[in-house]
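There are 4 protein chains.
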Amino acid sequence: MGVAKAMDYNNSKPESLRRLKIARGHLDKVIEMLQNDTYCPNIIHQSQAVQAALKKVDEIVLRGHLHTCVLKDMGKNGENEKLANEIVELFKKQ
Amino acid sequence: MGVAKAMDYNNSKPESLRRLKIARGHLDKVIEMLQNDTYCPNIIHQSQAVQAALKKVDEIVLRGHLHTCVLKDMGKNGENEKLANEIVELFKKQ
Amino acid sequence: MGVAKAMDYNNSKPESLRRLKIARGHLDKVIEMLQNDTYCPNIIHQSQAVQAALKKVDEIVLRGHLHTCVLKDMGKNGENEKLANEIVELFKKQ
Amino acid sequence: MGVAKAMDYNNSKPESLRRLKIARGHLDKVIEMLQNDTYCPNIIHQSQAVQAALKKVDEIVLRGHLHTCVLKDMGKNGENEKLANEIVELFKKQ
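So the protein lines, in turn, are chains A, B, C and D.
FYI, our numbering numbers position 43 of the first sequence as 43, with every residue one higher than the one before it.
FYI, our numbering numbers position 29 of the second sequence as 29, with every residue one higher than the one before it.
FYI, our numbering numbers position 11 of the third sequence as 11, with every residue one higher than the one before it.
FYI, our numbering numbers position 11 of the fourth sequence as 11, with every residue one higher than the one before it.
Be aware that a few hints might be false.
Since the list gives no way to pick out one identical chain from another, each pair is judged satisfied if it fits inside one copy or across any two copies.
[To be verified] Subject to a maximum C-alpha distance of 25 Å in a straight line, what follows is the list of computed DSS-like cross-link-like pairs (lysine-lysine):
#, residue 1, residue 2
1, K56, K29
2, K29, K55
3, K29, K92
4, K21, K93
Source of the hints: derived by calculation from the structure; they are not laboratory data.
Predicted model, so just to flag it, every value in this text is computed and none were measured.
Let's have the full structure, built from the sequences with the hints guiding it.
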């Protein structure tokens, strides 16, 4: 299981890109729906789906960040405050 | 003030489109940042900005919906439940 | 089904109160966990559960609001703007 | 400034407790408002304020967690995956 997770993590860049490109396609769909005067709640649902997809990418990128930069730099003089602040800032904006 | 707001509302479709197209540009930027191995928290910040921009559009579209469909159909037999459910569903997904 | 939903709605005040009192109990638990130096992520999970419970109550109260005040006052002179703004404000803060 | 921040962090437990107790008072107010049939949007606003207050506490607790457990245990065999997963889980629930 640990191995599978590690693979997932190593795969996080292509996986994130794949998801971002799908999200872009869905955002194009939101634009099209608005242009075609689609029923408003359906437009908002589609937009919320794009937001959820982006949030999922954020999680994948954050996981990668924790495994690489944070692991590497935590404990280095003066870095902890910066790394912790960055993560708290991302958390705040959710 | 009431007049200005009414104008804002009448203007909601072009305003939403304008914002969606900017959001699409920013989403392209997220993809580019990921491809260029930009520092992860910066990628997530940019992605969160896209999500916030989409949420702002949702608010504009919701306001338009409340002023048009909801005003027109509330009180019609069998429509209230549907309209209320739709709004609550949008609220839940936020 | 429509009947069941209507009953749910008529029941929304005691149902909300019941949920709020449970949420208060869980908030007391968060305070206790913090005082006892519980592992931080567990404290945050418990706090997030309280937030999710409150959000669920918000949905119930919003549904009641849409069925009563909004239905009753939508269409009245000068009320639409106020009602629509209120709902959009609640949506924004989610 | 670094010193001030460090103090803030050392002070995070009493600060969190203080905020949680205020939030509990505000939750009691939500219950009272509901019992008194206060105008629904006002109830939801008050509830959203409690949620925002709890989220603020979550940030303080997360910051403390990053400075203590994460700093101490990151890099230890088998701990990174667990620590990273925990943080991503907290992020997901926001």
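Hint by hint, here is what the structure shows:
{"no.": "1", "hint": "K56 to K29", "in the structure": "both (19 Å within a copy, 17 Å between copies)"}
{"no.": "2", "hint": "K29 to K55", "in the structure": "both (18 Å within a copy, 16 Å between copies)"}
{"no.": "3", "hint": "K29 to K92", "in the structure": "between (29 Å within a copy, 22 Å between copies)"}
{"no.": "4", "hint": "K21 to K93", "in the structure": "both (23 Å within a copy, 22 Å between copies)"}
Hint check: no violations occur; every hint is consistent with the structure.
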